[in-house]
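The listed protein sequences derive, respectively, from chains A and Y. Take the first sequence: its letter number 34 is residue 34 in the numbering used here, and every next letter is one higher. Take the second sequence: its letter number 87 is residue 87 in the numbering used here, and every next letter is one higher.
The set of hints was computed from the structure by calculation and includes no laboratory data. Quick caveat: nothing in here was measured; it's all calculated off a predicted structure. We put the CB at the ideal spot given by N, CA and C, even for glycine. Careful, some of the hints might be misleading.
[As the list claims (entries may be wrong)] The list that follows gives simulated cross-link-like pairs (lysine-lysine, DSSO-like), each with its CA atoms no further than 30 Å apart:
| id | chain 1 | residue 1 | chain 2 | residue 2 |
| --- | --- | --- | --- | --- |
| 1 | A | K20 | Y | K62 |
| 2 | A | K59 | A | K20 |
| 3 | A | K77 | A | K65 |
| 4 | A | K62 | A | K77 |
| 5 | A | K77 | Y | K62 |
| 6 | Y | K82 | A | K20 |
| 7 | A | K62 | A | K20 |
| 8 | A | K59 | Y | K121 |
| 9 | Y | K62 | A | K61 |
[Stated by the list, open to error] Pairwise CB distance ranges, derived in the manner of DEER restraints:
| id | chain 1 | residue 1 | chain 2 | residue 2 | range |
| --- | --- | --- | --- | --- | --- |
| 10 | A | L87 | Y | I48 | 35 to 43 Å |
| 11 | A | I101 | Y | N138 | 36 to 44 Å |
| 12 | A | A105 | Y | I99 | 21 to 29 Å |
| 13 | Y | V54 | A | E66 | 15 to 23 Å |
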Amino acid sequence: MSETIQPSEGSKENTEPIVKETVPNATAVLVLGILSILFWCCWGIGLVLGVIALILGSKSKKLYKENPDRYSVSSYKNLNAGWICALIGTILAGAGLLIGIIGLAIGTGFMHFFPWEDILSNF
Amino acid sequence: MFNILYFQPVHFLLFIVDYMLYNNGFFFLTLLPNFPVVKNSVMLQKFISWLESVTQPCLYVKFLGAECPGCGTQRAFIELLKGNILESIAIFPALLPGILLILLLIIHLIFKLRNGALYIKILFICNALIMVLNYIYNLLTP
């Protein structure tokens with residue numbers, strides 16, 4: 001996860017190559033973002049993983065945009081891919097949960113309590 | 001010990017002919033799981049029977065009566081372990097891309113591919129699309 005850059009001509013004293021840092025939590029965001037869709041419907045695990053990845057990824061993206069020269073590009077690519085995966089996974093998991101809740105409400109709750117027969121018989 | 005690695009040279013020839021006759025054209029798909037060493041292994045059979053014994057009904061099926069987008073993963077995985085790849089795809093087509101995605105992720109994290117993040121992104125979007133389309137198809141065709 002580290003890129004080495006040869007030192008410029010001016011700094012002959014510093015012979016060691018400059019090692020750029022990785023963006024914090026880049027691999028974690030990538031792994032969590034991919035796992036978020038594989039655990040889409042496992043009792044809301046996918047939603048939790050996706051939200052965690054989104055929060056971590058947003059923090060790290062902000063850090064990278066504050067000074068891009070400090071961090072390596074490859075780790076930022078990982079972070080960005082993980083963030084997009086987490087976004088898709090969270091949206092899908094949220095939609096699935098919403099469909100489940102709406103279906104549960106329609107199937108068990110207010111459709112049965114609603115006085116359909118009185119309304120229909122009055123017509 | 002000897003049961004796990006049970007292999008005779010005759011089996012190899014027999015199985016090659018078997019692939020050709022059983023599903024002509026797709027014999028390469030069943031090459032690995034039907035390999036005699038894997039097929040006769042006691043550990044794999046025990047694992048499959050354990051997987052078949054621990055099935056739990058999905059919460060969506062329990063309360064709503066309709067399947068959730070992830071339903072069928074375990075059935076597809078069992079079929080895959082038995083070597084029936086086409087049946088596995090028919091039950092839940094997003095399992096194989098999901099396994100590929102995990103493998104690609106591990107390879108990318110170890111060997112640091114140049115465009116690994118891009119490949120992962122594309123495969124992930126394909127996987128998500130397959131899951132969504134499969135769910136819509138399952139809902140429309142009871």
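Q | Pair hint outcome, Y/K62 versus A/K61 [Cα-Cα no greater than 30 Å] | A | Violated: Y/K62 and A/K61 sit about 41 Å apart, past 30 Å.
Q) Under the criterion that the straight-line Cα-Cα distance not exceed 30 Å, is the pair A/K20, Y/K62 satisfied? A) This hinted pair is violated, its Cα atoms lying about 52 Å apart.
Q | 30 Å limit on alpha-carbon distance, applied to hinted pair A/K62 and A/K20 | A | Distance ~17 Å between A/K62 and A/K20 Cα, so the pair holds.
Q | Y/K82 paired with A/K20 [C-alpha distance capped at 30 Å] | A | Violated, at about 47 Å.
Q.
A/K62 and A/K77 were given as a pair; does the straight-line alpha-carbon distance stay at or below 30 Å?
A. holds (14 Å)
Q | Given hint Y/K62 paired with A/K77 - CA-CA distance at most 30 Å | A | Outside the cut-off at roughly 41 Å; violated.
Q. Are A/K77 and A/K65 close enough, with their CA atoms no more than 30 Å apart?
A. holds (13 Å)
Q) Between Y/V54 and A/E66, does the C-beta distance stay in 15 to 23 Å? A) With Cβ atoms ~49 Å apart, the hint is violated.
Q. Is it true that the CA of A/K59 sits at most 30 Å from the CA of Y/K121?
A. Holds, because 20 Å separates the two Cα atoms, which is no more than 30 Å.
Q: Hint says 36 to 44 Å; check whether the CB-CB distance for A/I101 and Y/N138 agrees.
A: violated (20 Å)
Q) Is the Cα-Cα distance between A/K59 and A/K20 30 Å or less? A) holds (19 Å)
(Q) Holds or violated: the 35 to 43 Å window for the beta-carbon distance between A/L87 and Y/I48? (A) Holds - the Cβ-Cβ distance for A/L87 and Y/I48, about 36 Å, lies within 35 to 43 Å.
Of the numbered hints listed earlier, those contradicted by the structure are 1, 5, 6, 9, 11, 12 and 13.
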